[in-house]
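In UniProt numbering, the protein residues as written are 1 to 84.
Incorrect hints may have been included.
What the hints assert, rightly or not - Per label pair, the in silico range of CB-to-CB distance:
| # | residue 1 | residue 2 | range |
| --- | --- | --- | --- |
| 1 | A43 | L21 | 22 to 32 Å |
| 2 | F60 | A39 | 40 to 50 Å |
| 3 | I54 | F32 | 51 to 61 Å |
| 4 | W23 | Y63 | 53 to 63 Å |
| 5 | T52 | F22 | 30 to 40 Å |
| 6 | Y37 | H15 | 25 to 35 Å |
| 7 | Y59 | K17 | 35 to 45 Å |
| 8 | I36 | H15 | 27 to 37 Å |
In short, the hints are calculated from the structure, not lab data.
Beta carbons are placed, not taken as given, at the ideal position from N, Cα and C, and that holds for glycine.
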Amino acid sequence: MIVCGILSPILASPHNKLSTLFWKIPNAFWIFLICIYFAIAMAVLIESSEQTRIRRQQYFQQYEVPNETHKNVVIENSIKSQLI
1 MIVCGILSPI
11 LASPHNKLST
21 LFWKIPNAFW
31 IFLICIYFAI
41 AMAVLIESSE
51 QTRIRRQQYF
61 QQYEVPNETH
71 KNVVIENSIK
81 SQLI
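When you get a sec, could you build the whole thing from the sequences and use the hints?
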């Protein structure tokens with residue numbers, strides 16, 4: 001947006017060489033640039049949300065009880081109670 005704000009007065013002027021060069025660029029190229037821009041923005045958004053999910057998972061894992069024998073005893077007791 002900042003780039004558009006800076007370039008718009010330059011590109012709007014009909015007597016500017018940059019303006020004439022700008023308007024000679026084909027429309028298909030502009031569509032391609034916009035598509036690439038949105039693809040990169042979506043990739044960054046997806047990657048950042050994935051990194052956030054991983055960080056959140058690691059944060060919760062540090063408070064989890066790492067006692068595997070306790071889990072095994074609970075599973076064993078539940079199996080015994082189902083057999084009775």
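Starting from the hint list further up, note which numbers the structure goes against and sort them upward. Per hint list: 2, 3 and 7 violated.
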